[in-house]
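If you're matching them up, the sequences are chains A and B in order.
So the first sequence is numbered by our numbering: it starts at 1 and just counts up by one.
So the second sequence is numbered by our numbering: it starts at 1001 and just counts up by one.
Hints are not guaranteed to be accurate.
Stated by the list, open to error - Partial list, computed: chain B residues near chain A (C-beta under 7 Å):
hint : residue
1    : G1009
2    : G1012
3    : A1015
4    : R1040
5    : I1070
6    : Y1073
7    : A1080
8    : E1084
9    : V1129
Unchecked claim - Keeping only pairs whose Cα atoms sit at most 27 Å apart, straight-line, the calculated BS3-like set for lysine-lysine is:
hint : chain 1 : residue 1 : chain 2 : residue 2
10   : A       : K64       : B       : K1199
11   : A       : K8        : A       : K101
12   : A       : K8        : B       : K1153
13   : B       : K1153     : A       : K68
14   : A       : K8        : B       : K1199
15   : A       : K72       : B       : K1153
No wet-lab data here; the hints were simulated from the structure.
For every residue, glycine included, the Cβ atom is placed at its ideal position computed from N, Cα and C.
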Amino acid sequence: MTEPEYAKGYWNPFLAGIALGLVLLATFYLMGTGLGASGAVARTAAVIGHSVAPEAVEHNGYLKEFYKPGRKHPFSDWMVVEVVGVFIGAAVAVLSARRFKPGVGRGPHASVGLRLVLAFAGGAVAGVGTRFAMGCTSGQALSGGATMVVGSWIFMMVVFATAFSAAYFVRRQWS
Amino acid sequence: MTGPLYMFGAFGYQASLLVALVIGFFFGFVLERAGFGDARNLTSIFYFRDMRVLRVMFSALATCMVGLIILSYVGLFDYAVLLEDSLLQTYLWPQVVGGILFGLGFVIGGYCPGTSVVGVASGKLDSVVFLGGMVAGIFVFAAGFPFWGNFYKSSALGRITLWQLFGINEVLMAAAIVIMALAAFWLAALGEKWAPYDK
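Only chain B is shown next, with the shape it has when bound in the complex (with noise of 0.2 Å):
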């Protein structure tokens, strides 16, 4: 059958949150299991200690962005469906200020918000804490809004892709990003062996 199954209304809402619990529960498996429960894993990697953050988001994301696109080649998964639907929109300014403030966040406390919950069933306070540290920034976003409201919705991009952007076909910017991955990895070995904080 042609995905998005959701979208095409293979089923309905109440099977969509059964599809949601199970879906979590193999992403929260997986985050365990690649060590992403505990704050030092998810640090080391800004010290080149232990790139494993940046193997793990990469060739998670490669395997997706190449799956899909094998999935829509073989007629099973629509992307004009996603292109047009469901693509997440870009706002330009308001995501490079998120960036900054999520990457401090990041390094700061330790966690993101999905690895935090891992850190949660671990047993981790660090992660507690930094959950309700985000229930209070969430707090100071939504004291904040009539200040920042408007900048948070302008530089609209709408639904726009890299392939888009620069002018080429998915499949060929696809191959860059893989490329790039690859490049990323030969270099976190490098980084690991130069371990700068380390000496």
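Extracted from the complex, chain A is given alone in its bound form (with noise of 0.2 Å):
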């Protein structure tokens, strides 16, 4: 199979992959913690929440850890300094390929409506996932797998199963 259009002009996976593992290791040699992404979504949706009811989310079992009285703002906070980070770094990535290209990915035959319907679920259902398995690819299989820490080698495990299981299912939206 030919290579399609979107697969074009990125780095070899193996040196993306080393360049990344170093990314890692100056993390845990400077901090002691890995890198991260769905805590810094967690403190946004409760910065959302409490914006529109800050009652709810001080007396939510989940969400009142980030409102403790006497904390600093839930923003204020190393992962989301570093998803920020993040977001500018992939712009300087994006722009300096000559890569900025609004739209959608999905596949030659699938509708937008679709696609993004899929994208709102499938972020609902790994944003639940994400908190039950206290973080996410980065956090858990990233960071913990660097470290051979249990819990997040099964996390792994379990994600590709799942997810190759229904892979079939919504095969659709990239044909």
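Combine both chains into one complex, guided by the hints.
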């Protein structure tokens, strides 16, 4: 199969992986913890919720953790700043490669509507998943994986086993 | 200087946020250059079309894993501090459930949290929608917390590594993982030739 247009022009995956591994290594050397992403999304949800219904957030069993009295603002957090850095780094990479192209990533025959509905549904299910797992691909699979954490390896194996099994049912969005 | 620097007090909280910004910058830059700003490149792995996700992830994991062991061997990194104070804690069953939900979300939605941020920077509307879905998902989790709050912190095994679980040393465990990664790379190439969805 010939390489599709959207897969062209990127780094060799092994070299990209080594570069990513060195970023992760530097993170552990400097901070003693790894990379992350979903924690920043959880804090964003807490802040959005708090702006609409502060009482509900401050009394919610889960979200109140982010709004304890006397604590800093939920955005004053290492991972939130790191994710801001991710956005800036990705933007510089996209622009310098002249790859910025507004649109919806989908298969040639899939409708925009189908793709966006699935993107939202998938995001919601993944969002719940990150809270039970206490992390995502960055925090658990990559960072926990590199430090050989038992729970992270179990999480990673279950994620891939589930995704490979379920792929058949959502194949139309890419076809 | 022996790391982890922050945990040994080499710099303070304000400086750590600057580190976060710089580290995040490189993280995002590399993710984009790996092709992870487009959902099609992220989900191709599940259809055996393009196994780049596996190649990038396992080579990154192995690089960092081996790097940490080498750094600790030459005295530049204190692995014991990591094991005692900052290693992720294992919650067995919540992480299995979380893995199932996350795997479903990944293949349905086409992104994971970090890569969806890269997707937003790339101008992909589906990644913006995915992020919106994640925020909604966190509200669902918060709303249901009275029902599953106890489960969320159950089967806690503490800070435990694979080598401790198997009763071997870390070098042997890391070597086994590297061999497993090499085998996975080999199988990935076979999978691409097989391409069951494209026949």
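Here is how each hint holds up against the structure:
Hint on G1009 of chain B is violated. Least Cβ distance to chain A is approximately 11 Å, over the 7 Å limit. The interface hint given for G1012 of chain B is violated, since its Cβ lies 12 Å from the closest Cβ of chain A, which is over the 7 Å cut-off. Interface hint status for A1015 of chain B: violated, as the beta-carbon distance to the closest one in chain A is roughly 10 Å, over 7 Å. Restraint check, R1040 of chain B versus chain A: the minimum CB separation of about 5 Å is within 7 Å; hint holds.
With 7 Å as the threshold, the beta carbon of I1070 of chain B stays out of range of chain A, its nearest partner Cβ sitting at about 10 Å, so the hint is violated. Violation of the interface hint for Y1073 of chain B is found here, the shortest Cβ-Cβ separation to chain A being roughly 14 Å, above the 7 Å cut-off. Annotation: A1080 of chain B was flagged as interfacial toward chain A, and the flag is violated, the nearest CB pair being 11 Å apart, outside 7 Å. This hint is violated: E1084 of chain B has a C-beta 11 Å from the nearest C-beta of chain A, more than the 7 Å allowed.
Nearest Cβ of chain A to the Cβ of V1129 of chain B: about 4 Å, under the 7 Å cut. The hint holds. At roughly 51 Å between alpha-carbon atoms, K64 of chain A and K1199 of chain B are farther apart than 27 Å, so this suggested pair is violated. Annotation: proposed proximity of K8 of chain A to K101 of chain A holds, straight-line Cα distance about 14 Å (limit 27 Å). Pair hint K8 of chain A plus K1153 of chain B does not hold up; C-alpha atoms about 43 Å apart against a cutoff of 27 Å.
With a C-alpha separation of about 19 Å, the suggested pair K1153 of chain B and K68 of chain A falls inside the 27 Å cut-off, and the hint holds. Distance restraint check for K8 of chain A and K1199 of chain B: the Cα-Cα separation of roughly 22 Å lies within the 27 Å cut-off, and the hinted pair is therefore satisfied. Distance hint between K72 of chain A and K1153 of chain B is fulfilled; the C-alpha atoms sit about 24 Å from each other, no more than 27 Å.
In this structure, the earlier hints numbered 1, 2, 3, 5, 6, 7, 8, 10 and 12 are contradicted, and the remaining ones agree with it.
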